[in-house]
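Undergrad: With the hints as extra help, turn the sequences into a complete structure.
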Amino acid sequence: MMRFLLAGTRPPGSGEPGELALAAAAHRVVAATAWHSWLRRWGLLLSFGLPRDPAAELRACLIVAVNDEQAADRLAAGWGAVSGYRVVVLPLTGGSSGETGR
Amino acid sequence: MSRPEEAALTAAFRAEWPRLIAVALRITGDLQAAEDVAQETLFAAFDRWPLQGIPDRPGAWLMTVCRNRARNLVRDASRAQERLASLRPLLDGQTSPGTAPGTNAAGIADDQLRLIAMCCHPLLATDGQVALTLRMVAGLTTQEIARGFNLPAATVAQRIVRAKRMLTQHRIAFVTDDADIRARLASVLDVIYLIFNEGYLPAEGESLTRGDLAFEAGRLACLLTSLVPAEPDPWALRALLSFQLSRQAARTAPDGALLTLDAQDRSQWNQELIADGIRSLERARGGPRGPLLLQAELAACHATAPSFAATDWAAILALYDELLAIQDTPVVALNRAVAVAMTAGPAAALPALDELAGHPALASSHRVWAVRAELHRRAGHTAAALADYDRALDLVSNQAERHYLAQARRQAEEAPA
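So the sequences go chain by chain: A and B.
Heads up, the first sequence is in our numbering, so the first residue is 3 and it goes up one at a time.
Heads up, the second sequence is in our numbering, so the first residue is 162 and it goes up one at a time.
It should be emphasised that the hints constitute simulated quantities derived from the structure, not laboratory data.
Note that the structure is a prediction, hence the values are computed from the model and not measured.
We put the beta carbon where it would ideally sit given N, CA and C, even for glycine.
One or more hints might be untrue.
As the list claims (entries may be wrong) - Each pair of labels, with its calculated beta carbon distance range:
hint : chain 1 : residue 1 : chain 2 : residue 2 : range
1    : A       : Ser49     : B       : Pro283    : 52 to 62 angstroms
2    : B       : Asp237    : A       : Asp75     : 36 to 46 angstroms
3    : A       : Ala26     : B       : Ala479    : 47 to 57 angstroms
4    : A       : Asp75     : B       : Pro216    : 26 to 36 angstroms
Said to hold, decoys possible - Partial list, computed: chain A residues near chain B (C-beta under 7 angstroms):
hint : residue
5    : Leu22
6    : His29
7    : Val31
8    : Val32
9    : Thr35
10   : Trp44
11   : Leu52
12   : Ala57
13   : Ala58
TA: In structure tokens form, the structure reads like this:
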């Protein structure tokens, strides 16, 4: 298994909070919660990080363990779809437990 | 999570939205900033809850994040300008823990009330009051409001911007004393009623109802009664809207056609809303018998009648007499004429309708012609009925009502002389 960091940011041009329909917000929370539960159930989510500043451009980071880069890209696409984030995939090349990265 | 959980979360967001705006507004003193902070709070929930889990008390979580964000915003702004105190005179009062208004349940409720009063400020144009209330208090997006009113989103956005600008230009204070708020209660009730009417019987468009707007108005009325439970008029409005909304599902046939009271399937009436209407009416009866209470009493007569035939028209007529005595408008007179027709027959009501047909306030309305046409038809005056149906059809702009009138005209024409 290889480890990747998925970084979710606000898409370009959405710097302003804008208007979020309340029903849509609830739907997004539910969909994203289901997606993350799925990630956990399959043991793919190793850890996550959230910025202290809720208004930061970087919204969340996930550390995932998957077979290869294509699988990481698929996860990134799925996360982007449920969250609306622009997701960047970064291969992790080192690990605290001494596991081999890419 | 399932759809019920999504619905529960939506309800929680809806309930929290005006509280968030109100608290952020108290801290920042600026409506636009308050809206941005409330939005950011929702975005924060969206970022965090899927990963950290939905908190046990979502409302408390949202409130904490919102308050912190608002305080940070004020702090950042004040640092940048190096004149913290002049930014918001009330800041000192806010930063004193435990004594700041808006930090406990009662304070937040007061802030919500002040927010509503601010959105319905008499300086604002009516369309601005409506748009601002729906955005700030009901939490509808500009798009949703625009859809509700069949308007371009840009028009609604313009109204909201104009209203905010007006509040800023005239330095309309969020903080005001209770007497001011109570004085503005009438305009708040007017705005909610206007939103309801627009949703319940839109003047234009294809469908008979814009249900979302009507139910938003019902929700706002409920909110108002929770904020000023000792005031009778909000209870009267809540009762009236609950009774009216209870029939929402029964007012249209599956093909979208209008169903009048006599044709509605009463088993489809929402008993929960009727019960809420009855309870609210009881609370409202503690106050003076004003127009809202009388209208609620009228709605109760219909909502609690087991069948159309069993409707207590004599009581309805007495209520209209009472209403007309304090609100002598052609619309009330028109409705009273219907009650006269139901108690004493169409011929007894036609003279009043003849008079109303010439009233300038009803000149552009199809209703007086539609009612007179119906009464002429029932009295056997086919030619007069057809002429009045034609006038009504010339004036009506709602398509569901047009179809109803056209069908009624056909039936009058085909009826044996």
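Undergrad: For each hint, tell me whether it holds in the structure or not.
TA: Checked hints:
1. A:Ser49 x B:Pro283: 52 to 62 angstroms: 55 angstroms, holds
2. B:Asp237 x A:Asp75: 36 to 46 angstroms: 38 angstroms, holds
3. A:Ala26 x B:Ala479: 47 to 57 angstroms: Hint holds: Cβ distance 48 angstroms, inside 47 to 57 angstroms.
4. A:Asp75 x B:Pro216: 26 to 36 angstroms: 32 angstroms, holds
5. Leu22: 5 angstroms, holds
6. His29: 6 angstroms, holds
7. Val31: Holds - the Cβ of Val31 of chain A comes within 7 angstroms of chain B, reaching about 5 angstroms at its closest.
8. Val32: 5 angstroms, holds
9. Thr35: 4 angstroms, holds
10. Trp44: 16 angstroms, violated
11. Leu52: Leu52 of chain A check passes; min Cβ-Cβ to chain B is 6 angstroms, inside 7 angstroms.
12. Ala57: It holds, given that the least Cβ distance between Ala57 of chain A and chain B is near 5 angstroms, below 7 angstroms.
13. Ala58: 9 angstroms, violated
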